[in-house]
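If you read the protein sequences in the order shown, they are chains A and B.
For the first sequence, the working numbering gives the first residue as 44, with consecutive numbering after it.
For the second sequence, the working numbering gives the first residue as 44, with consecutive numbering after it.
It should be emphasised that the hints constitute simulated quantities derived from the structure, not laboratory data.
In this text, all values refer to a predicted model and were calculated from it rather than measured experimentally.
Mixed in with the good hints, there may be bad ones.
[Said to hold, decoys possible] Result set (SDA-like, lysine to any residue): computed pairs, CA atoms no more than 20 Å apart in a straight line:
id, chain 1, residue 1, chain 2, residue 2
1, A, K270, A, I180
2, A, K122, B, N136
3, B, K122, A, T45
4, A, K163, A, D282
5, A, K122, B, P89
6, A, K101, A, D282
7, B, K101, A, P89
8, A, K135, B, A354
9, A, K101, B, P89
10, B, K135, A, K270
11, A, K135, B, P124
12, B, K135, A, T45
13, A, K135, B, L87
14, B, K135, A, G113
15, B, K135, A, K163
16, B, K135, A, E85
[To be verified] Here are some chain B residues the structure puts well away from chain A; computed CB gaps all over 12 Å:
id, residue
17, I47
18, G84
19, E85
20, E92
21, G116
22, K122
23, V130
24, K135
25, E223
[As the list claims (entries may be wrong)] One-sided and incomplete, this derived list gives chain B residues near chain A with beta-carbon spacing under 7 Å:
id, residue
26, M44
27, T45
28, S49
29, S59
30, M63
31, G121
32, L144
For each residue, glycine too, the CB sits at the ideal point set by N, CA and C.
There are 2 protein chains.
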Amino acid sequence: MTRIISRAEIDAALPSLDLMEVIEAGFVAYSADQSVVPPVGELLMPNGEVHIKYGYLKEDDYYVIKIASGFSGNSALGKSPNNGMMVLSSQKNGDVLAILLDEGWLTDVRTAVAGAITCKYMAPNKVKRIGIMGTGIQAHLQLEYLKSVTDCRDVLVWGRGAEQTARYERTMSAHGFQIETTLETADIGASCNLIVTTTPSHIPLLNSVDILPGTHITAMGSDTPHKQELDSAILRQADIVVADSIPQCLERGEIYKALEANTITRSELRELGQVISGDCSGRDNDEQITVADLTGVAVQDIQITKGIYEAL
Amino acid sequence: MTRIISRAEIDAALPSLDLMEVIEAGFVAYSADQSVVPPVGELLMPNGEVHIKYGYLKEDDYYVIKIASGFSGNSALGKSPNNGMMVLSSQKNGDVLAILLDEGWLTDVRTAVAGAITCKYMAPNKVKRIGIMGTGIQAHLQLEYLKSVTDCRDVLVWGRGAEQTARYERTMSAHGFQIETTLETADIGASCNLIVTTTPSHIPLLNSVDILPGTHITAMGSDTPHKQELDSAILRQADIVVADSIPQCLERGEIYKALEANTITRSELRELGQVISGDCSGRDNDEQITVADLTGVAVQDIQITKGIYEAL
């Protein structure tokens, strides 16, 4: 009865889904208190870690449990560090309807889709140049998914080394972008008005003095209390600061760091679901600086899993 | 690469395992601080609930995540209330090695095996009569697994109604037991010196005045702060009180209730793994009254899952 869905079946189903719509609906439900999302389970081991995210939408047929592991040593062996699965069950009777053996892939996809959603609601009207911080999987995926929400194809990428940026340039040029590369973080702020940060940095990479008026920044690299990509002064400078989940961002990510540094207050924060639903604005004019802090919310996992199950 | 193991394969593999040995080793590791078992994850829904237990032994190749759901309304539809799975992964690189679609069955089995283990270490030398409180799945399984640790086949079962006790008598007689039935809880204490309580009762069923010298009681029905099967005075009366997990029993079950009632103190408690390893005694002579409180520990899930995977 339980349907086992392979990575190949998942890949085949993904293009048929309107992922933006599905995940936007998840954020709206989350911000409207129409979801139940308990605290994340965590298992730490000498070689890796596992996160268990789970929950459900209140007016729905399903609940979802996501198991996602990261074993960083795998990369040196030419093996993906990520693994895991999504388990979809019936809220009515507990039947396990499907196990999606996505090996962590759907987490990557739903994270990139959330980046595109923030851009859709918060980017300036005219994106002159896209700045990407980082050269890893999310640096690729975030840009790929931005295609549907902006016409801009002019991109500046920053990375830690010329080898990484050259590889990024090759890959993403093939996707129809004009890619320039830099090893100076300040170059990103100086020429880009839509910036996505995707690194695991523990020290700020972007400084407030470099940010142009009218810029939107989506910071998705920091998802712990220790990681930080943005100088906290950027969040003071910003006219609008949006969290994917206010409770999570009080404990991790850029917003956590800025609250610690007293550059913003809790009351200024808006939640992505409120921006999508229209309860709050994500941008009022093309001079504002806006920041979105994404830490990843279980409703994204619930919605993408449900979408694939129903598409198959 | 991930092996999907069906309920039928699990059933076929179980008889080849020495479950007592496997699960005893788990309890010993747990009590020796050789396991990592984070707090249980819980998801509550209008129709049911899900518990997620997970962890690993430190000197081992695997980690295990158990998903176990209970939807009590299923019974009225002739459907099992229980469902779920065990996920076995590599501690080295996160590979998902196997998913055991046990539908909650392995939780039932490992719970019954734990009952047999407590009996092995704590029952009096001469078991005169076994008393079973309850007529559900655990009432059946606990008795079945006791077969390997006692020669006694004389059983008195208590249930809430004559229909339930008659059905129990029929089923367990076929397993080679002489079953008598009663609807009076006091009859159990008055004639049995090995008692297993398996009910979801919220009020004490056994009273201290009815318990014979030399009796061992395994209480496995209460696993929440609200359930209780034993009058707390029984734990004061007992010479030895053993918890499967002291941290868990401080928050739920009979020991929690007795601590609240001040009939025992924290310092008296022994842990099952210490009794198995010989660090503590489970019984010193045949006059002592002993109590074991079982709430279920993730090491049981880890060990039974690993055992089946390796047997296949």
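Now the hints, each set against the structure:
no.	hint	in the structure
1	A:K270 to A:I180	18 Å, holds
2	A:K122 to B:N136	9 Å, holds
3	B:K122 to A:T45	16 Å, holds
4	A:K163 to A:D282	17 Å, holds
5	A:K122 to B:P89	42 Å, violated
6	A:K101 to A:D282	33 Å, violated
7	B:K101 to A:P89	9 Å, holds
8	A:K135 to B:A354	35 Å, violated
9	A:K101 to B:P89	9 Å, holds
10	B:K135 to A:K270	25 Å, violated
11	A:K135 to B:P124	11 Å, holds
12	B:K135 to A:T45	28 Å, violated
13	A:K135 to B:L87	12 Å, holds
14	B:K135 to A:G113	11 Å, holds
15	B:K135 to A:K163	40 Å, violated
16	B:K135 to A:E85	17 Å, holds
17	I47	6 Å, violated
18	G84	5 Å, violated
19	E85	7 Å, violated
20	E92	9 Å, violated
21	G116	7 Å, violated
22	K122	7 Å, violated
23	V130	6 Å, violated
24	K135	6 Å, violated
25	E223	36 Å, holds
26	M44	9 Å, violated
27	T45	6 Å, holds
28	S49	9 Å, violated
29	S59	25 Å, violated
30	M63	27 Å, violated
31	G121	12 Å, violated
32	L144	6 Å, holds
Checked against the numbered hints listed earlier, the structure breaks hints 5, 6, 8, 10, 12, 15, 17, 18, 19, 20, 21, 22, 23, 24, 26, 28, 29, 30 and 31; every other hint is satisfied.
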